[in-house]
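Novice: Go ahead and model the full structure; you've got the sequences and the hints to work with.
Protein chains: 2
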Amino acid sequence: MNALRESVSLAEEMVRFGARAKVAARGMGRSAPHDKTLALTYLADLLAGRERDILAANQQDVETAREAGLDTPRLNRLTLTPAIMDEMRAACLHVAQLPDPVGATESQWQRPNGLLVGRMRIPLGVIAMIYEARPNVTIDAAILCIKAGNTVILRGGSEALRSNIALATLLQEALAHAGLPADAAQLVTTTDRAAITALCKLDQYIDVIIPRGGEGLVQAVTEAAVMPVLKHFKGVCHAFIDADVDMDAALNIVFNGKVQRPGVCNALECLLVHKDVAARFLPMAGDRLGAVGVELRACPRALPLLGPEAKLQQPEDKGQEFHDLILAVCVVDSLDEALEYIARYGSNHTEVICTRDHVNALRFLREADASMVAVNASSRFNDGGQLGLGAEIGISTSKLHAYGPMGVQELTTTKFVVLGQGQVRE
Amino acid sequence: MNALRESVSLAEEMVRFGARAKVAARGMGRSAPHDKTLALTYLADLLAGRERDILAANQQDVETAREAGLDTPRLNRLTLTPAIMDEMRAACLHVAQLPDPVGATESQWQRPNGLLVGRMRIPLGVIAMIYEARPNVTIDAAILCIKAGNTVILRGGSEALRSNIALATLLQEALAHAGLPADAAQLVTTTDRAAITALCKLDQYIDVIIPRGGEGLVQAVTEAAVMPVLKHFKGVCHAFIDADVDMDAALNIVFNGKVQRPGVCNALECLLVHKDVAARFLPMAGDRLGAVGVELRACPRALPLLGPEAKLQQPEDKGQEFHDLILAVCVVDSLDEALEYIARYGSNHTEVICTRDHVNALRFLREADASMVAVNASSRFNDGGQLGLGAEIGISTSKLHAYGPMGVQELTTTKFVVLGQGQVRE
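Protein chains in written order, with the numbering used here: chain A, 512 to 937; chain B, 512 to 937.
None of these hints come from the bench; they were simulated from the model. These figures come from a predicted structure and were not determined experimentally. Be a bit skeptical, because a hint or two may be false.
Just so you know, same-sequence chains aren't split out, so a pair can sit in one copy or run between any two.
What the hints assert, rightly or not - Quick list of in silico lysine-lysine cross-link-like pairs, DSSO-like style, CA-CA up to 30 Å:
no., residue 1, residue 2
1, Lys829, Lys712
2, Lys829, Lys533
3, Lys786, Lys829
4, Lys829, Lys745
5, Lys786, Lys533
6, Lys712, Lys786
7, Lys745, Lys822
8, Lys712, Lys745
9, Lys822, Lys533
Specialist: Dropping the structure here:
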C-alpha cells in the first residue's frame, strides 16, 4: 500500500512539473530574442560567480559515488573541473550569440484566392530531457532549449543530484533576471526511477522527450513514452576505401576515425576495402593502426594482408560498436557489396567513402542510409559544432523530425500562418 | 496454445512484411523521378481499365458490411463510386506531376576547414499506414508514399478487405511496370487486430507509423508503437472576433467554418467574441447560424444576445469536438482572455482571429498554438490541398517532424552530406 501511495504521489508530482512547464512555455513562446540572450549571458556570469559552490556540491556527489563504487568512466563524467566550468560558460555565451530561430515566417506563398500562406518557426514547447549523471549536460541541454524558446524538464542521473540542484538554481535565477518564467527550466530532484516512467506518460504536457545515455535508458524511454522521442542510438560507422583512391588521404581518414577518440559514437568501427586496392592499402593501414595499438579483426581475405597481430573476424564483430581501439576489416568486391554491407550492419549514424571516382561518390552519398554521409572526410565530423550548427543536444539516428546532430533549429518546428481578407472555402 | 501459436505466426508474418519493405526501400531510395512518375500514371490507367472489377469487389464488401450492421457513415466511407474512382485517378495524375522531393541537396555551406556541408532530402524509408475501412485511402496514401520514395505497409479496416486487395494488386502491377520493387506497396490482408500490435513493435524495419481513423485507433497505436508516430488527433477549432472587426467578413468566416462541412476536423467548434462587439455581432451570428439549424450553446453573457433557441452552455461544451451543427459561444474581455481560453481548450489544430487590428493579428499569429493560425480566413483552409501542398496524407497535431497538413515533402527527411578533400578532425 505504501509503495502504491508513493507511486501515485510521484505521478501527481510529475503532473505538476508538466503543468508548470506548459504554463511557462506560453511565456517563453512570446519572449523577445533579447530576453533569452540576457538570460544566457547572465547565466555565464552566475557560473563564474558561484563556481566555488558548484564545485563543492559536485565534490560531495563525486565522493558519495566513489564510496558507492561507481566505475571510473562514470566518475569522470560526473566530475566537474574549473576547465569544464569554463566550457559551460563559453557554451552559454556561444548559444546566446546564435541567431534567434523563432518567430519569423520562413517562406510564404500566395494561393489562387489571394490567401498568403507561410510557415512560421516556433518552439517545440515542453521538452523532457532524461540523461545520465553528467552535470554539464544540465547546462548544455537547458541553454539550447531556452534559446529555442522551449521549456525543459531536466532529469539527470541521481549520482549528480547535488551538482544538478546547484546548477538548476542558477538556471532559474538567470531566467528570472531576464524576466522569463523560472519554470522554463525545472529539475526533477527525486531519484526514484519511477519519475521517468511517469514523465513518459504526460503527453498532455510534454511535446518531446529526449533520452541521452546508455542503450538501456534509451530503449526504456522509447518503449514507455507516448509522446515523440528524439533518440540517439549507437554509432556503427564504416569507411569504404574505393579502388581509385588517394591512399594517403584515406589512411589519414581511417586513422582519425578510429584513433582520435575511440569511445564516441562517430568513431569508425569497420573498414571496408575494395579488392583492387586491398593488397596495397591494407599493409599500410595495418602498420599505421597497429603502431598505436589498434586491434584489427579481419575477414579471411584481409587477414593475410595485415600484420601478424591481426585476428580472424568472428561473426559478432560485424555491426559491433566496439567503443575501443578495435576495428573490423573486410575486403569487398565492389561499391555495391559495400553498400549492401552497410545497409545490413550500419546503424544509420555515419558512413564514409574514400574515392576519386565521381560517379561512385554520388552513388554513395545518395544510397548510404545514415544521418551523415561523407566523401573523403573523417566520420568524426558528425557533430553539431563541426558541421556548423553551433551546438548540439544529441545526434538523432531516427529519421523523423531530425536526422543527425540536433542544434537550436532542430528544437523548433513550424506552423502554418494564413493571412486573409475574409476568404472562405467554396 | 492455439491462440498463442497463431499470434506467434502472425508476428512472424509481420516481420516478413517489414523485411520485404526494408529491402524494397533501398530500391525506392535510388529510383529516378521518372520511374515514380511512370508508376503513378500507369496506376491511373489501371484504375480506369479495371474499374468494373474494383467496384464489384467493393460491392461485395459493402453488402457484407451492411448485413453485419455497419452504421451509415461508415458504410458511406466504405463505398466506392465511379465518381470516387475518378478522384483517385485524378489524384494519381496530380501527385505524379508534383516536383520530385528527393535527391537534391537543399542547402550547402562551407566550414572553415574547407568541408562542404549540405542537407540532402531523402525518403523516410518504410511507412506503416493504419487506417479504417476507406478504400480510397489505400490509393491516396500509397501514391504519396511512393512519390516521396518510400515503401508503405498498408493495413486498412477489415470491412474493406476485398476492395483493398483489388486496389493493392493494381499498385503492385504499376510499380513492377515502372521497374520499381512491387514490395514498395504491401497490403496486410489478415483481419486480426493483433497484426497492428505486431507492426507497432517492428522498429528495426518501420521508420514511421501513421494511424488515421478514430481516436481509439490513434491512441492504441500511439501507446503500442516503439517507432515514431505521425498522428492526427481531434480538431477543436476556435474563431475569435476582435473588437475592431469587419463584421460581414467575420460572419462569413464563422458561417463557413461551422456549416460548410461540420463533420470534419477543421470545422469550427467554438466562437469567442470580444465584449465590445458582442452586442452587435452575436444577434447577427445567431440569426445567420440559427437559420440553417446550428445549435448554439452560449455562456451566460452571450445567451441573452442570441435567439430564444440558444441554450446555456454546460462545462463539457468547452473544448468539445461536436462534429455536428453545434457551436459553443463565449464572450471574452480581451485578446488575452481569448488566447488563454484557446490555450486551455484548443487541440493545437486550427485557430482563427477576425480583426482589423494589426498588433492583435500579429500577437494571435505568434501566440495561438495550433498547426494553422489564420487572420481573417476560414478554419476550413487547414488542408494540404487548400494550403498549396498538392495533397496530404493527414494533419499532424503533434509538433515533431510535421505540424499541420502532411504532403509529399513531409514524407521525407534530410541527411547531412559532407564533401571533403581528405579533412580529418583536429
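Novice: If a hint holds in the structure, say so; if it doesn't, say that too.
Specialist: Against the structure, the hints:
no.	hint	verdict
1	Lys829 <-> Lys712	between (37 Å within a copy, 24 Å between copies)
2	Lys829 <-> Lys533	between (45 Å within a copy, 20 Å between copies)
3	Lys786 <-> Lys829	within (18 Å within a copy, 70 Å between copies)
4	Lys829 <-> Lys745	within (14 Å within a copy, 46 Å between copies)
5	Lys786 <-> Lys533	between (58 Å within a copy, 28 Å between copies)
6	Lys712 <-> Lys786	neither (52 Å within a copy, 39 Å between copies)
7	Lys745 <-> Lys822	within (24 Å within a copy, 59 Å between copies)
8	Lys712 <-> Lys745	both (25 Å within a copy, 19 Å between copies)
9	Lys822 <-> Lys533	neither (56 Å within a copy, 33 Å between copies)
Checked against the numbered hints above, the structure breaks hints 6, 9 and satisfies the rest.
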